[in-house]
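Line by line, the protein sequences give chains A and B.
Counting from 1, position 123 in the first sequence corresponds to residue 123 in the working numbering; the numbering is continuous, with no gaps.
Counting from 1, position 95 in the second sequence corresponds to residue 95 in the working numbering; the numbering is continuous, with no gaps.
Warning: the hint list may mix true and false statements.
[Stated by the list, open to error] Where chain B lies over chain A, by a calculated footprint (3+ residues, C-beta under 8 Å): (1) 37-49; (2) 61-75; (3) 165-175.
[Said to hold, decoys possible] To list a few chain A residues with every Cβ distance to chain B over 12 Å, as calculated: (4) I52; (5) K95; (6) I124; (7) T129; (8) F131; (9) A161.
[As the list claims (entries may be wrong)] Covered stretches of chain B (in silico footprint by chain A; criterion: 3 or more residues with CB under 8 Å from a CB of chain A, positions within the stretch not fixed): (10) 22-32; (11) 39-45; (12) 50-64; (13) 68-75; (14) 80-94.
No lab work stands behind these hints, which were simulated from the structure alone.
Here the structure is a predicted model, which is why all the values come from computation and not from measurement.
By construction, the Cβ of each residue, glycine as well, lies at the ideal position given by its N, Cα and C atoms.
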Amino acid sequence: MSQADITIQGHATAGAMAEPTFSVPAKKMAMWLFIIADSATFAGCLVAYGFIRNSTPNWPRPFHSITNVGVMTLILLTSSLTILVGVRAAQAGDKPKAFRWVMITAVAGLLFAVLHLKEWMGMISEGATLFHNPWGTPLFGSLFFSITGLHLLHVTGGVIALVVVGVRYQGGRYKADDLEVTGLYWHFVDLVWMFVVPLVYLLNLAH
Amino acid sequence: MSTAATHKSSGMGRDVAVYVVLLVLAGIQFVIAYQNISVQQMFERMLIVAIVEAGVALLFFMHLSENRGLRWFVIIFTVAVTLGLQYGWTDSFRLTNGVPWAK
Chain A
1 MSQADITIQG
11 HATAGAMAEP
21 TFSVPAKKMA
31 MWLFIIADSA
41 TFAGCLVAYG
51 FIRNSTPNWP
61 RPFHSITNVG
71 VMTLILLTSS
81 LTILVGVRAA
91 QAGDKPKAFR
101 WVMITAVAGL
111 LFAVLHLKEW
121 MGMISEGATL
131 FHNPWGTPLF
141 GSLFFSITGL
151 HLLHVTGGVI
161 ALVVVGVRYQ
171 GGRYKADDLE
181 VTGLYWHFVD
191 LVWMFVVPLV
201 YLLNLAH
Chain B
1 MSTAATHKSS
11 GMGRDVAVYV
21 VLLVLAGIQF
31 VIAYQNISVQ
41 QMFERMLIVA
51 IVEAGVALLF
61 FMHLSENRGL
71 RWFVIIFTVA
81 VTLGLQYGWT
91 DSFRLTNGVP
101 WAK
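In isolation and in its complexed conformation, chain A is listed as follows:
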């Protein structure tokens, strides 16, 4: 066997090993693995919240209005649709349209973050902090700010990622696939909110 044959066989083996897992491109698979791992993080936080809420008598129910959280939910759900429009436009090769919709999604995310901070400021002005809660157990403040803060951190990261990837896509450095991967992350942020809203807000609604 010549050296050339060995080299050719080596390339063939490398090619076979490079077959994508589940026929998913490497970048997309990496994002899925991140999403699965991050789901475990959020699930851990929400289960811990449920445990403490269940084991604490007289758990406070401080929320009197669901208007703000309702608007936030509407914005986040709508932003999931706008990123889909952007990704579809990118896959169809319509670069200006894709960029426009990705930026609309980023603005929606920013608006969500502003409303979230407004919600926080309202609670802080009533005396609730990470270690203090005027309605009873201080654990409420700890859990509320930790869980919603972790989600807000994800939204902020997502907005930054959308802007960076969108601008680089517009500039020709990134492709439609990169927008799709960022879109996956954005849908995940939306998905987590679907569990945070009922467990953290709606179950603590004052009746």
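Start from chain A and add chain B according to the hints.
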């Protein structure tokens, strides 16, 4: 209309339909919040709606419906981790009912 254009418009139509379904499911959660039921019943109903909502988003917005292998990978891994997190519930009930300082 070309085949590509037809596919694109039907894809968008499906996305909008899924979006409306998600809005309706989110609305149902808000309606449940105002029902005159116990916290446990409220929790169960909201969680079921949230799981359906997440399933719809995963299948159609995140395109898991198009990849069977990845779908099972995600389901098995997520369910296993989530089930693994449930071991402490009995202790949370013990803290409210079984310990000397319980109400």
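Evaluated hints:
{"no.": "1", "hint": "37-49", "in the structure": "holds (count 5)"}
{"no.": "2", "hint": "61-75", "in the structure": "holds (count 4)"}
{"no.": "3", "hint": "165-175", "in the structure": "violated (count 0)"}
{"no.": "4", "hint": "I52", "in the structure": "violated, 8 Å"}
{"no.": "5", "hint": "K95", "in the structure": "holds, 16 Å"}
{"no.": "6", "hint": "I124", "in the structure": "holds, 23 Å"}
{"no.": "7", "hint": "T129", "in the structure": "holds, 25 Å"}
{"no.": "8", "hint": "F131", "in the structure": "holds, 21 Å"}
{"no.": "9", "hint": "A161", "in the structure": "holds, 16 Å"}
{"no.": "10", "hint": "22-32", "in the structure": "holds (count 6)"}
{"no.": "11", "hint": "39-45", "in the structure": "holds (count 3)"}
{"no.": "12", "hint": "50-64", "in the structure": "holds (count 7)"}
{"no.": "13", "hint": "68-75", "in the structure": "holds (count 4)"}
{"no.": "14", "hint": "80-94", "in the structure": "holds (count 9)"}
This entry does not satisfy hints 3 and 4, going by the numbered hints stated previously.
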